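**Student:** Those protein sequence lines, which keep their order, are chains A and B.
Counted the way this note's numbering counts, the first sequence spans residues 1 to 114.
Counted the way this note's numbering counts, the second sequence spans residues 115 to 229.
Simulated from the structure, these hints should not be mistaken for laboratory data.
Just so it is clear, the structure is predicted and the values come from calculations on it, not from any experiment.
Where a beta carbon is used, it is the ideal one built from N, C-alpha and C, also for glycine.
Hints are supplied without guarantee of correctness; some may be wrong.
Said to hold, decoys possible - Here are the simulated lysine-lysine pairs, DSBU-like style, with alpha carbons at most 30 Å apart: (1) A/57 <-> A/42; (2) A/78 <-> B/226; (3) A/57 <-> B/163; (4) B/163 <-> B/226; (5) B/226 <-> B/182; (6) B/172 <-> B/182; (7) A/42 <-> A/83; (8) A/83 <-> B/182; (9) A/100 <-> B/163; (10) A/83 <-> A/57; (11) B/226 <-> A/57; (12) B/183 <-> A/42; (13) B/182 <-> A/42; (14) A/83 <-> B/183; (15) A/42 <-> A/78; (16) B/172 <-> B/226; (17) B/226 <-> B/183; (18) B/163 <-> B/183; (19) A/42 <-> A/100; (20) A/100 <-> A/57; (21) A/100 <-> A/78; (22) B/172 <-> A/83; (23) B/172 <-> B/183; (24) A/83 <-> A/100; (25) B/172 <-> A/78; (26) A/78 <-> B/183; (27) B/163 <-> B/182.
To be verified - Restraint ranges, calculated between C-beta atoms of paired labels, are given here: (28) B/174 <-> A/7: 24 to 34 Å; (29) B/156 <-> A/63: 26 to 36 Å; (30) B/121 <-> A/60: 39 to 49 Å.
Said to hold, decoys possible - Computed, partial: chain B to chain A, Cβ under 7 Å: (31) 158; (32) 160; (33) 194; (34) 216.
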Amino acid sequence: EPEVTQTPSHQVTQMGQEVILRCVPISNHLYFYWYRQILGQKVEFLVSFYNNEISEKSEIFDDQFSVERPDGSNFTLKIRSTKLEDSAMYFCASSVGQGKDTQYFGPGTRLTVL
Amino acid sequence: AQSVTQLGSHVSVSEGALVLLRCNYSSSVPPYLFWYVQYPNQGLQLLLKYTSAATLVKGINGFEAEFKKSETSFHLTKPSAHMSDAAEYFCAVIRSTGGGNKLTFGTGTQLKVEL
Chain A
1 EPEVTQTPSH QVTQMGQEVI LRCVPISNHL YFYWYRQILG QKVEFLVSFY
51 NNEISEKSEI FDDQFSVERP DGSNFTLKIR STKLEDSAMY FCASSVGQGK
101 DTQYFGPGTR LTVL
Chain B
115 AQSVTQLGSH VSVSEGALVL LRCNYSSSVP PYLFWYVQYP NQGLQLLLKY
165 TSAATLVKGI NGFEAEFKKS ETSFHLTKPS AHMSDAAEYF CAVIRSTGGG
215 NKLTFGTGTQ LKVEL
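With the rest of the complex left out, here is chain B (with noise of 0.2 Å):
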């Protein structure tokens, strides 16, 4: 089975300071990991994701996250936040083998940017 946890419901961070949201994984066989955003009264949209080729892995609007196996981890950070980064971001996981399509989530981390 797989799970993710990701620690910290709510973060605050400054405007323009480095944002970290972490996320470690348990999984039977490799993973896929992927990290999604909510804004307010939208869907999930996907940020980026970690298929097994490259371990630093780069998304949209400047968040990259890398996946350390030996800490099972896939943290997200971003160098310097901006105001329009305040949303809820998912971490979320996916087998790689044996098939199957089901994205476990955790429970979420609300970013809060603040000026």
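The shape of chain A in the complex, shown without the other chains (with noise of 0.2 Å):
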């Protein structure tokens, strides 16, 4: 059964330091996520990105995040500078269309800034 994979599953990093997190989504999907959870709080929504431009963001995506689709499979998470509250799970996830279609999500990346 095809899955959302996301590289790496841990990342520690240096406050003030970029980061890159991986995703690759299932390869017929058109619509891409990112989500986070902090270690005790609820998953929260990051971003959406469909037809290679971002169609939903959050308050919480400022100009510190960014993310790109470098490649037909690839689907990439960017933190320029890193901030101790950062530190999170981060889940990708993707979807063959949006509303009711089912958002499948990866294994996720735990992020911790130091």
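Can you join these two chains into the complex? Each is in its own frame, and there are hints to help.
**Tutor:** And the structure:
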């Protein structure tokens, strides 16, 4: 069964450094998403991406964040200058369509900012 | 705006007992509702979803949920708990009209199954 994959599973970085989290969505899916879950808190939407552009973003997704689909398979989340409060589990997801179409989640990348 | 509230951050049941995890929603337009499960060190897996067809929805692993508009609820049930059901369960909502693909999650309910 096709699945969303994410690398790395765990990333440790120093405050102020740039990080890139990588995702490979399911191959025939057209919508791509990033969510994050700070330890002990709810899963929060960051951004959705369709047709090579951002279709929706949350207040969390400020100028420090960017997303890209550099080729036909990868979907990346970049944090330009990490802060301590960026420490969280980051989940990538993908879906065929929007609305009622199921969003399939990857296993997550745990980002630790020191 | 859409939101969901999950009552009970921790629920403990005996193996073989009924599982009931509560979810209430708030939405300005008819919602689509989802239940996801997260096993330790894994991603979120869809259990079932309500998309305005049948109000009683059956999912994987013997789980089901009933959409009740009058109560704005979408509670998750399973008649007989199994040890393998121990996990964290998340209710989520998405708007059904006006586009949009942002899932809004509840705070989650940790299910513990005891012998």
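**Student:** Against each hint, give a clear statement of whether it holds in the structure.
**Tutor:** So, going through the hints one by one against the coordinates:
About 17 Å separates the Cα atoms of residue 57 of chain A and residue 42 of chain A, which keeps this hinted pair within 30 Å; it holds. Restraint check for residue 78 of chain A and residue 226 of chain B: the C-alpha separation of about 36 Å exceeds 30 Å, so the hint is violated. About 23 Å separates the Cα atoms of residue 57 of chain A and residue 163 of chain B, which keeps this hinted pair within 30 Å; it holds. For the given pair, residue 163 of chain B sits about 23 Å from residue 226 of chain B by alpha-carbon distance, which is consistent with the 30 Å threshold.
Straight-line distance between C-alpha atoms of residue 226 of chain B and residue 182 of chain B comes to about 26 Å, which keeps the hinted pair within the 30 Å bound. The straight-line distance between the Cα atoms of residue 172 of chain B and residue 182 of chain B is roughly 15 Å, inside the 30 Å bound, and the hint therefore holds. Proximity of residue 42 of chain A to residue 83 of chain A is assessed by CA-CA distance (about 19 Å); at most 30 Å being required, the pair is judged to hold. With a C-alpha separation of about 42 Å, the suggested pairing of residue 83 of chain A with residue 182 of chain B is violated against the 30 Å cut-off.
For a cut-off of 30 Å, the pair hint linking residue 100 of chain A to residue 163 of chain B stands: about 8 Å separates their Cα positions. Among the hinted pairs, residue 83 of chain A with residue 57 of chain A is consistent with the structure: their alpha-carbon atoms are about 19 Å apart, no more than 30 Å. Distance check on the hinted pair: residue 226 of chain B and residue 57 of chain A sit about 35 Å apart at the alpha-carbon level, beyond 30 Å; violated. A hinted pair counts as satisfied when its Cα atoms are at most 30 Å apart, and residue 183 of chain B with residue 42 of chain A qualifies at roughly 24 Å.
Note on residue 182 of chain B and residue 42 of chain A: the hinted pairing holds, with a Cα-Cα distance of about 24 Å set against a maximum of 30 Å. Our distance criterion of 30 Å between C-alpha atoms is broken by residue 83 of chain A and residue 183 of chain B, whose separation comes to about 42 Å. Straight-line distance between C-alpha atoms of residue 42 of chain A and residue 78 of chain A comes to about 21 Å, which keeps the hinted pair within the 30 Å bound. Restraint check for residue 172 of chain B and residue 226 of chain B: the C-alpha separation of about 22 Å stays at or below 30 Å, so the hint holds.
Between residue 226 of chain B and residue 183 of chain B, the direct Cα distance comes to roughly 29 Å. Compliance with the 30 Å bound is thereby established for this hinted pair. Using a Cα cut-off of 30 Å, the hinted pair residue 163 of chain B and residue 183 of chain B holds, with the two alpha carbons roughly 15 Å apart. Taking the CA atoms of residue 42 of chain A and residue 100 of chain A, the gap is about 21 Å. The hint holds against a cut of 30 Å. Only pairs whose Cα atoms come within 30 Å are accepted, and residue 100 of chain A paired with residue 57 of chain A is accepted, the gap being roughly 19 Å.
The hinted pair formed by residue 100 of chain A and residue 78 of chain A meets the criterion: a straight-line CA distance of about 28 Å does not exceed 30 Å. At most 30 Å may separate the alpha-carbon atoms for a hinted pair to count; residue 172 of chain B and residue 83 of chain A exceed this at roughly 42 Å. Of the supplied pair hints, the one linking residue 172 of chain B and residue 183 of chain B holds, its CA atoms being roughly 18 Å apart against a limit of 30 Å. Restraint check for residue 83 of chain A and residue 100 of chain A: not satisfied, since their Cα atoms lie roughly 34 Å apart, outside the 30 Å limit.
About 38 Å separates the Cα atoms of residue 172 of chain B and residue 78 of chain A, which puts this hinted pair outside 30 Å; it is violated. A threshold of 30 Å between alpha carbons decides the hint, and for residue 78 of chain A with residue 183 of chain B the separation of about 40 Å lies outside it, so the pair is violated. Restraint check: the Cα-Cα separation between residue 163 of chain B and residue 182 of chain B comes to about 13 Å, which is no more than 30 Å; the hinted pair holds. Against the hinted window of 24 to 34 Å, the Cβ-Cβ separation of residue 174 of chain B and residue 7 of chain A comes to about 27 Å, which satisfies the hint.
Taking 26 to 36 Å as the suggested C-beta distance range, the pair residue 156 of chain B and residue 63 of chain A conforms, at roughly 32 Å. Residue 121 of chain B and residue 60 of chain A have their C-beta atoms about 26 Å apart, which leaves the hinted 39 to 49 Å range violated. Given the 7 Å rule on beta carbons, the hint for residue 158 of chain B holds: about 4 Å separates it from the nearest Cβ of chain A. The beta carbon of residue 160 of chain B is positioned within 7 Å of a beta carbon in chain A (closest approach about 5 Å), and the interface hint is therefore held.
For residue 194 of chain B, the interface hint is violated, since its Cβ never comes within 7 Å of a Cβ in chain A; the closest pair sits about 26 Å apart. Interface hint at residue 216 of chain B: satisfied, since its Cβ lies 5 Å from the closest Cβ of chain A, which is below the 7 Å cut-off.
Checked against the numbered hints listed earlier, the structure breaks hints 2, 8, 11, 14, 22, 24, 25, 26, 30 and 33; every other hint is satisfied.
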